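A.B. asks: Residues per chain, in single letters:
Protein chains: 2
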Amino acid sequence: MTQCKLDMEATGEKNHKYIACERCAMQPICLPVKTQQSTTLSLTDQYLAKRTPSQKDHYLFTQGQPLTDIFAVCSGTYKLTKLSKFNEEKVLGFRFPGELIGEDALHPKTYTHNAIAIGDSSVCRVNVDNLLACSQAVPDLQLSLVELLTRQSFISQAQFESLIAKKSAESLVAAFLLNLKQRLSSNEQPSNELTLSISKDNIANFLGLRRETLSRIFSKFQKEQLIQQSKKQIIILAPETLENMANS
Amino acid sequence: MTQCKLDMEATGEKNHKYIACERCAMQPICLPVKTQQSTTLSLTDQYLAKRTPSQKDHYLFTQGQPLTDIFAVCSGTYKLTKLSKFNEEKVLGFRFPGELIGEDALHPKTYTHNAIAIGDSSVCRVNVDNLLACSQAVPDLQLSLVELLTRQSFISQAQFESLIAKKSAESLVAAFLLNLKQRLSSNEQPSNELTLSISKDNIANFLGLRRETLSRIFSKFQKEQLIQQSKKQIIILAPETLENMANS
DNA sequence: CGCAATTTTGACGTAGTTCAACACGTGTGG
DNA sequence: CCACACGTGTTGAACTACGTCAAAATTGCG
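First to last, the protein sequences are chains S and Z. Reminder that position 124 of the first sequence reads as 124 in this note's numbering, one-by-one numbering, no gaps. Reminder that position 163 of the second sequence reads as 163 in this note's numbering, one-by-one numbering, no gaps.
Just so you know, these hints were derived from the structure itself, not from any lab. Only a predicted model underlies this, so the values are computations on that prediction, with no experimental measurement involved. Even for Gly, the Cβ is constructed at its ideal location relative to N, Cα and C. Any given hint could turn out to be false.
[To be verified] Some residues of chain Z that are not near chain S, with every Cβ distance over 12 angstroms (derived): (1) Arg51; (2) Leu80; (3) Phe96; (4) Gly119; (5) Ser153; (6) Gln182; (7) Ser215; (8) Gln222; (9) Lys232.
[Claimed, not checked] Rough simulated footprint, nothing fancy, chain Z against chain S, three-plus residues with beta-carbon under 8 angstroms: (10) 102–108; (11) 214–221.
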């Protein structure tokens with residue numbers, strides 16, 4: 001199944017835990033495709049560059065730049081940002097292992113935001129021109145591309161809904177924490193413990209809150225024994241209570 | 001180009017101004033597809049039902065229902081809603097002529113919200129099973145489907161960004177008005193005059209404001225000569241000023 | 001260690017909510 | 001035809017959650 005598990009040390013990175021290909025949103029178009037010809041297995045080589053590392057603060061792309069690739073996070077975290085006038089950074093979202101980056105640029109053929117590595121990270125990189133060329137030739141691949149896009153459409157919608165149901169700051173934060181938990185837990189063990197790779201400043205920015213407000217809410221949650229935080233480590237003590245707050 | 005212009009009176013509706021197919025987001029998969037065979041032109045008949053009317057308050061589908069079709073609005077307006085516990089209606093968005101409905105249900109194969117006609121409206125209806133079957137057989141159609149999905153991905157992202165940059169209620173309303181103007185104007189004449197098919201209650205709900213707040217903001221805009229409203233008719237007097245408020 | 005960046009806490013101001021009253025149009029039934 | 005209810009929209013007054021400003025505490029890093 002996972003054809004790209006072998007070259008872990010080839011990248012030269014230290015101890016990165018790469019996500020399994022089975023759990024990656026890019027998977028539909030990364031699997032070897034079955035065709036009549038025998039050249040099948042090397043098809044993905046035409047457009048896929050596996051596990052490209054990004055160092056901290058590296059820009060995968062910047063807003064306005066013409067589209068060349070779409071990405072899937074293999075390890076680490078990326079943030080998506082946009083500069084408003086005048087030069088305030090607005091955080092549009094975060095991307096964790098298994099999630100896509102840049103797919104919304106397929107239509108305008110131009111990236112509409114920045115994608116920046118938070119800490120050392122890595123991505124699989126899909127060259128769009130080559131992918132489209134291949135998919136023209138291989139119907140099964142094109143079908144997989146449709147599958148990928150429909151899944152992504154659903155994910156985007158879910159994300160939209162979670163934010164538009166904007167209520168109190170508390171419920172926003174509660175929803176965000178549960179969302180993080182879900183996206184960060186390896187599906188085997190949905191642990192209640194999670195490490196914040198993101199700064200609280202970035203989280204506050206993303207949620208449209210002031211950093212002071214976010215801090216106060218964390219403190220309040222701590223006091224009420226809903227969470228327990230030490231430095232970047234967070235343990236969710238009362239998921240059900242947070243759930244209730246999230247859909248208040 | 002537009003193959004479906006002839007049956008205007010066939011629907012039996014009074015004076016509906018249907019949007020031109022050229023401006024519809026469904027267009028990529030509604031055009032006749034060129035293939036080698038001579039049966040080409042009737043391909044869309046396999047999955048496309050043109051201009052199906054909906055009366056006021058008609059549900060196109062409800063949340064939880066299994067996916068059968070995706071839709072494009074031909075005339076009128078639809079609202080997308082979801083019921084939270086306990087039974088409060090949350091408005092997730094509006095769909096105007098030329099816009100898609102239900103495409104985000106392609107992946108889970110289940111509609112995740114309700115789509116309700118506001119006033120008498122009409123849609124083109126695409127049967128998903130038949131579409132996918134056809135697209136398997138006709139690569140060009142599948143390519144068009146990819147095109148449709150990538151465009152939609154972009155639109156969803158833009159929508160998401162406009163909401164996440166959530167600032168003051170004033171700027172929200174300013175942005176909403178300009179967004180309406182853009183979506184409602186026939187592209188020939190981007191008029192500053194628009195008719196609110198939607199109730200202010202629904203708008204307030206969508207924007208996450210109280211109806212009182214929305215009313216006050218409209219009154220303020222009126223007083224400041226930014227807009228002029230009489231009943232459901234709204235004239236935007238100072239688009240630039242609103243633009244500035246929108247990206248404050 | 002020591003400086004800078006990040007996070008937390010406090011005091012105060014304001015935008016938006018809440019509650020309540022009223023105004024208008026429309027449909028319904030007596 | 002009027003009386004009444006009901007949905008929709010507007011306005012006022014009091015309340016509160018969040019933002020703002022300022023300063024201290026904690027963490028991270030060379």
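A.B. asks: Could you tell me which of the hints above the structure violates, numbers in ascending order?
C.D. replies: 2, 5 and 11
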